[in-house]
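Protein chains: 2
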Amino acid sequence: MKIASDVAGLRAALKRYRAEGKSVGLVPTMGAFHAGHLALMRTSAQEMDRTVTSLFVNPIQFGPAEDLARYPRCPESDARQAAEAGVDLLFTPGAAEMYPPGFRSRVEVAGLSDRLCGIYRPGHFSGVATVVLKLLNLVQPDRAYFGWKDAQQLLIIKRLVRDLNLPVEIVGMATVREKDGLALSSRNRYLEPAERRAAPRLYQVLREIADRLAGHPETAIEPVLAGARRRLEKSALIRLQYLEAVDPETLDPAGEESREVLVALAAWIGSTRLIDNIMVSRHG
Amino acid sequence: MKIASDVAGLRAALKRYRAEGKSVGLVPTMGAFHAGHLALMRTSAQEMDRTVTSLFVNPIQFGPAEDLARYPRCPESDARQAAEAGVDLLFTPGAAEMYPPGFRSRVEVAGLSDRLCGIYRPGHFSGVATVVLKLLNLVQPDRAYFGWKDAQQLLIIKRLVRDLNLPVEIVGMATVREKDGLALSSRNRYLEPAERRAAPRLYQVLREIADRLAGHPETAIEPVLAGARRRLEKSALIRLQYLEAVDPETLDPAGEESREVLVALAAWIGSTRLIDNIMVSRHG
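Protein sequence lines correspond, in order, to chains A and B. With our numbering applied, the first sequence covers 38 to 321. With our numbering applied, the second sequence covers 38 to 321.
A couple of the hints might just be wrong.
With a straight-line cut-off of 35 Å between C-alpha atoms, the simulated DSBU-like cross-links for lysine-lysine are [stated by the list, open to error]:
(1) K52/B x K195/A
(2) K195/B x K216/B
(3) K39/A x K59/B
Don't read these hints as lab results, they were simulated from the structure.
Please work from the sequences and hints to get the whole structure.
Okay, here's the thing in structure tokens:
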């Protein structure tokens, strides 16, 4: 595996891939790899001739009170794991390489960015969209791989790619979970032992909602969500931020007539904010 | 010359160019071609293997009170002139092709977009940047050609391309003028005869400013601009909107220490808004 820490090195490697007519997959990440990241890399390595992974903790997607400084960084083990997963080229730019002096451009996906997490993290999805657009332009991959764990991010990027006519296929891959159901996240390592024991409750509640709604178009959504919110709030360690059912295309609140519904939540457990979601098909 | 009115037709033609290893130049336009547009096309045709011109009156760059509806449209003569100028492929999408239902993305170049014309045309440069980004993604040209007549647009696009790591060279070409100095513009055809006779005054005044400032770093800028504003306002037909000297990189007001200065103006002549500018080097 080759490592490029600047744009020039990245472009040189990509030029060779293109000259050889190789297909290219991109897995954009912020590092601190877990099995979810590695599944994206392995899938790209299987499907594409060459796999590029970017590792960049993107400052412009963190709010001023968020965890940019303490976000986990483990470049050596990340590089080792990426190589094992079949990555050909690891792109590890610094912030000055991505945002040199004079940088002023931002991309915004109106509407989708100010729902769900966007309410609590203003500017977050604009920062995500901007860095992903830069990475797509830099790498010009045939496919780019993202996890469904960050469902809102995935849907915003799909919209962005369609809207801006980017010639890339966005692939969304299933959330990878611990045996107890907790969605893998680089932030799980922040959890104290008691918090870690409480955390699987988030996905249990999502499963309970799915069991109530899936295949039951006659069941009203809001009472099911309200019951689930009450059950979550019984846990002393969990502070629910939101639990909503939305249209997966528009992120508008799901109506009783909605058949495909994204049920998504965010919650604080101690000083760690976790998100999770489940897709529910309500066709009878 | 081939004409493609949809994205599929455009991509099919471009695929052939790329398979043949041809270099591609793009000239984005809103049609109503004059000698300025044709100079861009001819230059691209000389420098590049294949030249694509887009002809799209971009609704999202017009304000609600602006001239979208009356903007001149002359598709037949445009196509004939483009072919004569050496264009290989004319892309003429409709608005629904560029902005299908659900479209929500916008790109913003903060700071540069809210100076000069941006003060009077809120949203204009975001609309320009968004459509140009789409066209650059659709065509993926090696070079794209723009006129210095729209200096702020050119500088915003250069910044956007750098910021978003787009692999394209932006070429700025000198403003083409009538014999009396009036900058060519598709909007000049709106001018009544008396207005047309008054219009060259705009460039005369820019020339007078350049004569005073060029090579004279000791000359204070603001008094020269103030005198020029007074002279322009003597014309009964001209209503000056702004006349400013700015740094061509940041569009911040030029300081006395500035050596390269963009002097730019906008003015109403009757119901027609015209812009013009001149670059001044104040090196002694």
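So, going through the hints one by one against the coordinates:
{"no.": "1", "hint": "K52/B x K195/A", "verdict": "holds, 23 Å"}
{"no.": "2", "hint": "K195/B x K216/B", "verdict": "holds, 30 Å"}
{"no.": "3", "hint": "K39/A x K59/B", "verdict": "holds, 30 Å"}
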